[in-house]
Amino acid sequence: MSFSNVVRIFTKYWKVFLITGVSHTLLLSLITVVFGALLGLILCYMRMSFHKPLRAVSSFIVDLIRGTPMLLQVYVGYFLVPKLLPFKVSEFMAVSVAFSINSGCYLSEAFRSGIQAVDKGQMEAARSLGLTYSQAMKKVILPQALKNILPELGNEFVTITKDTSLASTFFIGDIMTSYLIVRGNTFLTFECLFIVAVIYYVINKILTFFLNRFERRLRVSD
Amino acid sequence: MIRTENVHKSFKVEGREPLHVLKGINEHITKGEVVSIIGPSGGGKSTFLRCLNMLEVPEEGHIWFEGVDITSSDIDINIHRQKMGMVFQHFNVFPNMTVMQNITLAPVQTKKKTQAEADEIAIALLNRVGLIEKKNEHPSRLSGGQKQRLAIVRALAMEPDVMLFDEPTSALDPEMVGEVLDVIKDLVKSGMTSVIVTHEMGFAREVSDRILFMDDGIIAESGTPDQVMRNPQNPRTKDFLSKVLY
Ligand SMILES: Nc1ncnc2c1ncn2[C@@H]1O[C@H](COP(=O)(O)OP(=O)(O)O)[C@@H](O)[C@H]1O
Ligand SMILES: [Mg+2]
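Those protein sequence lines, which keep their order, are chains A and B.
So for the first sequence, numbering that gives the first Met the number 0 puts the first residue at 0; every next one is plus one.
So for the second sequence, numbering that gives the first Met the number 0 puts the first residue at 0; every next one is plus one.
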């Protein structure tokens, strides 16, 4: 691997890496976290409900997703989602469904532990005043749980930006796809790997920086 | 006002023998009465108190509150809890709300009061316990004693018929115990029916009409402060008092 090759490749292909690659990775991560959070809310609600079948369904789904490899889920999403939907879906959309489901399962657990981390005395105090369970949840528990949950959403976003590289096999346009494309053109494997490694690392650093700042702000407002 | 009949409670901890905490409690707390519960730690005092508003559900026995069997499954417990204030050892004030919001949440949510009415009551109560200048603060800016006074007025804002206190001063620094006891003294003097679990023997003797000594899941002794504290009949009461007095 030579450094001059790295520079040469980057000057020629920077648009593929930085514009196409980064935008697809960030977009896919955003879609994943947004829909994952929605699904996570539903799964968490089911998991914490008093209705036993709902709890069972939710924990089965979460268990299934957590118990199988993400790459396999991406494959299933890629091949299954287009078959299930009546309209045409892009590869990008198909894998984003898989990522969202995966993320939803992890987030539902994060939501649940964020809720359970709120001191038990809070629920008791609210109930002792005559509030119903759902009033206590809405007014007392969830606002406090949100402080535990928001950083988890950020963490999940950072993790997902890396995990989405799994879908590059299907040329969905993310950063890892840009590696595949540029390497195909240049045959300079290590130089291309070096470039995407730096890009992933920098994105990660930037996101973590903002996340930490946000977390500190949350803690101050306590 | 509150009558319990043969109340039993066990805690089931996985992989262990169930822990039989209350072993048949028969008690009658009358309107206006101030009852203190004393006894060694682990004897079931908190559990008994928490059964009175059904935060713990007894598996046997009945509890009548103002004539209604609140252990019955076809009552709405929330309605009855609105008439029973509870104060916890660890305050349990709501950190996500201001002092005012802490107090007005329940009256407004339960539709007992409009926000304006609740605000008015809250301000009167805050004046009464000397917290008025803190009304817009969050609890993180309050001392332990202030938090507990807030917890007391939060309960009072529901205009309860009875107040339940579970070791209200045990988590406080010594210099703050007095300010909280003063608020409770004030309250019982105004005629509030109260059940107080406490280790403050001098306080219990001063304010109580009756003292219950609880040990090992039963009420081992019950009587006026003088009877229980000066002339205990049960050897276990004697033993306990010899350890905590002086
Ligand atoms: N939720 C619970 N689960 C299991 N054991 C409990 C629970 N609450 C209380 N206990 C146990 O019940 C016993 C009585 O507790 P408690 O009523 O708190 O006594 P006291 O208030 O007199 O110290 C203790 O041994 C305690 O560990
Ligand atoms: Mg206790």
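Hints are not guaranteed to be accurate.
[What the hints assert, rightly or not] Result set (DSS-like, lysine-lysine): computed pairs, CA atoms no more than 27 Å apart in a straight line:
{"no.": "1", "chain 1": "B", "residue 1": "K188", "chain 2": "A", "residue 2": "K138"}
{"no.": "2", "chain 1": "A", "residue 1": "K119", "chain 2": "B", "residue 2": "K30"}
{"no.": "3", "chain 1": "B", "residue 1": "K82", "chain 2": "B", "residue 2": "K110"}
{"no.": "4", "chain 1": "A", "residue 1": "K137", "chain 2": "B", "residue 2": "K242"}
{"no.": "5", "chain 1": "A", "residue 1": "K137", "chain 2": "A", "residue 2": "K119"}
{"no.": "6", "chain 1": "A", "residue 1": "K119", "chain 2": "B", "residue 2": "K133"}
No lab work stands behind these hints, which were simulated from the structure alone.
Just so you know, these numbers come straight off a predicted model, no measurement behind them.
Straight-line Cα separation of K188 (chain B) and K138 (chain A) no greater than 27 Å? violated (34 Å)
Distance restraint between K137 (chain A) and K242 (chain B), which requires alpha-carbon spacing of 27 Å or less: Roughly 46 Å between the alpha carbons, so the hint for K137 (chain A) and K242 (chain B) is violated.
Check whether the Cα positions of K119 (chain A) and K133 (chain B) lie no farther apart than 27 Å. Holds - the C-alpha atoms of K133 (chain B) and K119 (chain A) are around 26 Å apart, at most 27 Å.
Does K30 (chain B) sit within 27 Å of K119 (chain A), going by the straight-line distance between their CA atoms? violated (31 Å)
If you draw a straight line from the CA of K82 (chain B) to the CA of K110 (chain B), is it 27 Å or shorter? Distance of about 14 Å is within 27 Å: holds.
Tell me if the straight-line CA distance from K137 (chain A) to K119 (chain A) falls inside 27 Å. Distance ~15 Å between K137 (chain A) and K119 (chain A) Cα, so the pair holds.
Hints 1, 2, 4 from the list above are not met by this structure, while the remaining hints are.
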